[in-house]
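Peer 1: Read off the chains here:
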Amino acid sequence: MVFLRLALANLRRHRTRSLLALFGIATSVAVLFSILSFNRGFEKGLAKELERTGIHFMVVPSGCPHEVASLVLHGSIIPKFLDLSVMDTIRNLDGIAFASPILVAQLPNPHKGRVDLAYGIEMFRVRDIKPHWQIAGSIPDDEDEIILGAEIAEHQGLKTGDTLAYPDINVTFRVAGILKKTGSQDDAFMYIPVKTAQDVFKKPSGATAIGVKVIDPALLTRTTDELSEKVPGIQIVTMNQVMHSISSLAASAKVLSLSIAIIAVIVSAVGVMNAMLMAVFERSQEIGMMRAIGASRTDIFRIILHEGIVLTLGGGFFGIVAAAAGSDLIGLFVRKAMPYAPASGMARFDAGIAAASLLFVALVGVLSGLYPAWKASKITPIEAIRG
Amino acid sequence: MIVLRDVEKIYHRGSEELHALRGLDLDVGRGEFISIVGPSGAGKSSLLHILGCLDMPTRGTVQFDQVNVEHMSERQLDAVRRDKIGFVFQQFYLMPGLSVFDNVALPKIFGRQKIHKDRIGALIDLVGLKNRMTHFPNQLSGGEMQRVAIARALANDPEIVLADEPTGNLDSENSEKIFGLLKSLHTKGYTIVMVTHNHDLAKRADRVITIRDGRIP
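These protein sequences, in sequence, are chains A and B. Quick note: the first sequence, position 27, residue 27 per this note's numbering, numbers continuous. Each number in this note's numbering comes from the position in the second sequence (counting from 1) with 387 added on.
Honestly, the hints are just simulated from the structure, not real lab data. A portion of the hints provided could be inaccurate.
[Claimed, not checked] Calculated cross-link-like contacts (lysine-lysine; reagent style DSBU-like; alpha-carbon spacing at most 35 angstroms): (1) A:Lys230 x A:Lys195; (2) B:Lys590 x A:Lys378; (3) B:Lys575 x A:Lys375; (4) B:Lys575 x B:Lys590; (5) A:Lys375 x B:Lys504; (6) A:Lys195 x A:Lys180.
[As the list claims (entries may be wrong)] So the derived label-pair ranges between C-beta atoms look like this: (7) B:Glu395 x A:Ala356: 56 to 64 angstroms; (8) B:Val390 x A:Arg15: 27 to 35 angstroms; (9) A:Met278 x B:Val390: 40 to 48 angstroms; (10) A:Phe281 x B:Ser559: 30 to 38 angstroms; (11) B:Lys590 x A:Arg5: 37 to 45 angstroms; (12) A:Met278 x B:Arg602: 25 to 33 angstroms; (13) B:Ser402 x A:Ala356: 39 to 47 angstroms; (14) B:Asn556 x A:Arg15: 22 to 30 angstroms; (15) A:Glu282 x B:Ser402: 37 to 45 angstroms; (16) A:Met1 x B:Asn525: 17 to 25 angstroms; (17) B:Lys575 x A:Leu370: 38 to 46 angstroms.
A virtual CB, placed ideally from N, CA and C, is assigned to each residue, including glycine.
Okay, chain A solo, but in the shape it has when bound (with noise of 0.2 angstroms):
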C-alpha cells in the first residue's frame, strides 16, 4: 500500500508528464476498446437482424453472395431477375412453409429531388416475413396501397390516408400503414404490393429474390441441396451465410483498425517508459537513499513498476469512461463510414471488453515499466549519493 502511495506521490511530481503519458494512454485505450465493443455490437446487430427477417434463406439470381447481403439488409438494387417459375419448384418441395417473392426497385422522384427505394413484397406474407413490425394503420389491401417506413414517413410528412404520387411513371399510391421505428433499415423503405412492382417496373414475372422458410429448421440442407439440382442458374444464401459474408467484409477492417489500436498503445506505452526512465534519472540520489537506509533492488523495482501500472491504467481507466460516454458519437461516425453497420445496438459498454482492456493495459504497464524499473534497480546507494 506504501509502495503504491510512493507511486502516486511520485507521479504527482511531474504532474505535466504524468498527465501527458496518461492522455496518451487514455486515447489509445479509447480506440481500443471502441473497435472491441463496436465489432461485439456489429456482430450482435447484424444477428438480431437478420433474425428478425422471418425467413431462412433466400433464392437469388446467381452472382455476388456480398449483393445479396447488401439485397437482405439494404435493399439494394440486383441487375438481374429471378422467373417467377423458380417460385412453383420451391413450393412443390416437402417441408416448406412458405416461398415469397421480393422485388427492390427505385422510385425516382425528380420533383422532389429524390430517388425512393421500393421493396416489392406479398402483403398477405408480412406478418410472416416480418413477424415483429408493429403498423400503424392497416396492411394495404389494394394493389396501390402502400406501407412507409418510419423514417420515410418522417421525412415526408405523410400520415395513412395520405398519397404519394410519382409522375414520371404515373402512379400514385395510398399510405395504408406505417411502420413504427424499428430501429433498423426498414424505416428508409416503402413497402409496395409485389405485383404492383412487377407491373410498375415492367418484370410481369420477375423477382429480385425469393425468401423462402422451412418447416423444420434443421432439414434446412436438405432442402436447399435438393433446391439446386433442381433449379440451375440461382443462388440459395441462407441467413447464415449472409451473416458469415457480411463479417468476412467487415473482419479486414477490424483487423486493420485493431492492429492501428494495437499499434498506437504500444506508441503511448513507449511514451510511458519515457517519462519514467527520465523520472528515474531525476531520483537517482532519491533511489540511492532508499537503497542506503534498507531498500532492496526488488523493492526499488516494485516502487518503479507500480508508477507504470498507475499511469498505465488510470490512463486505460479514463480512456474506457471517455470511450463509453462518447459510443454515441462513435456510432453516428462508424454508420456512415462502414457499409452494412446495423442501425441498432452497437455502442453498448461491454463490461467483459472493458475488462480485458484494461488487463491488457496492465500489461502494458508491466511491460512498459521493466526497463525503468530495472534501470532504477541498478542504481548503487554510492553512486547516487556522490553524484
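Starting from the known structure of chain A, fit chain B onto it as the hints suggest.
Peer 2: Then chain B, alone, in the frame of chain A:
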C-alpha cells in the same frame, strides 16, 4: 563494533586515479560519539560510506560486528544497512510525497516489519515534531526536515548512527539543535559517527578524528 584495517579507496575518473583513502586504520567502539573532520576532499565522506557499508574498500578489510563485509552478499548488506545502521544525510533526502510519519516508517516498510504507530510516534516525539506527524516535507523547515531524517535513522533501532554533514545545510541555531539531538541520542546509548566541517561542534564529541589526504595522521 566496526574495525577498519589498512583500508584504501581509489576512484577512477577517466584514466585518472583518485586516492580517497590511503591505508587507514580505525576502530569504532560501541557507545562512542566520534566526529570526523578534515578539509574538503580529504576522504571524510568516503570513510563514512565505507563505515556504513554503502561502499567497499579497494583494499583492506572492514569488519562489522566481527564479520567481514567484503564477503557479504548484496542482500546481506541491505539487511545490515537497514537493521544496524541509521543514516543522516546533509540533504535530508526525505520522500516528498510521504508524510512525516511515513518517511520515518520507511525503513520498517523496506524491512517488511510491522509498523507500530506508537513507536514511530515516539520517535517523532523524540525529535520534537509530535505536532508535525501528518505534515509533508515541503511544509517543514530545514531543521525540521533534518530532525525527521534523524527519526527515520532510528526507526529500526540501529546500533550506529552515521551522519554525513548533518548541519551542513542549516543555520547555527538549527545546527545547535541537531547536534543537541545527536548528543542526547548518544546519552541514550547510541553509537554516533558524524562527519562535519564545523569544528566547534566536532570538538564537543567524545573523540575527534582528523583526516588529511586519505590518512589519519
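Peer 1: Starting from the hint list further up, note which numbers the structure goes against and sort them upward.
Peer 2: Hint check: 2, 3, 8, 12, 13 and 15 fail, others pass.
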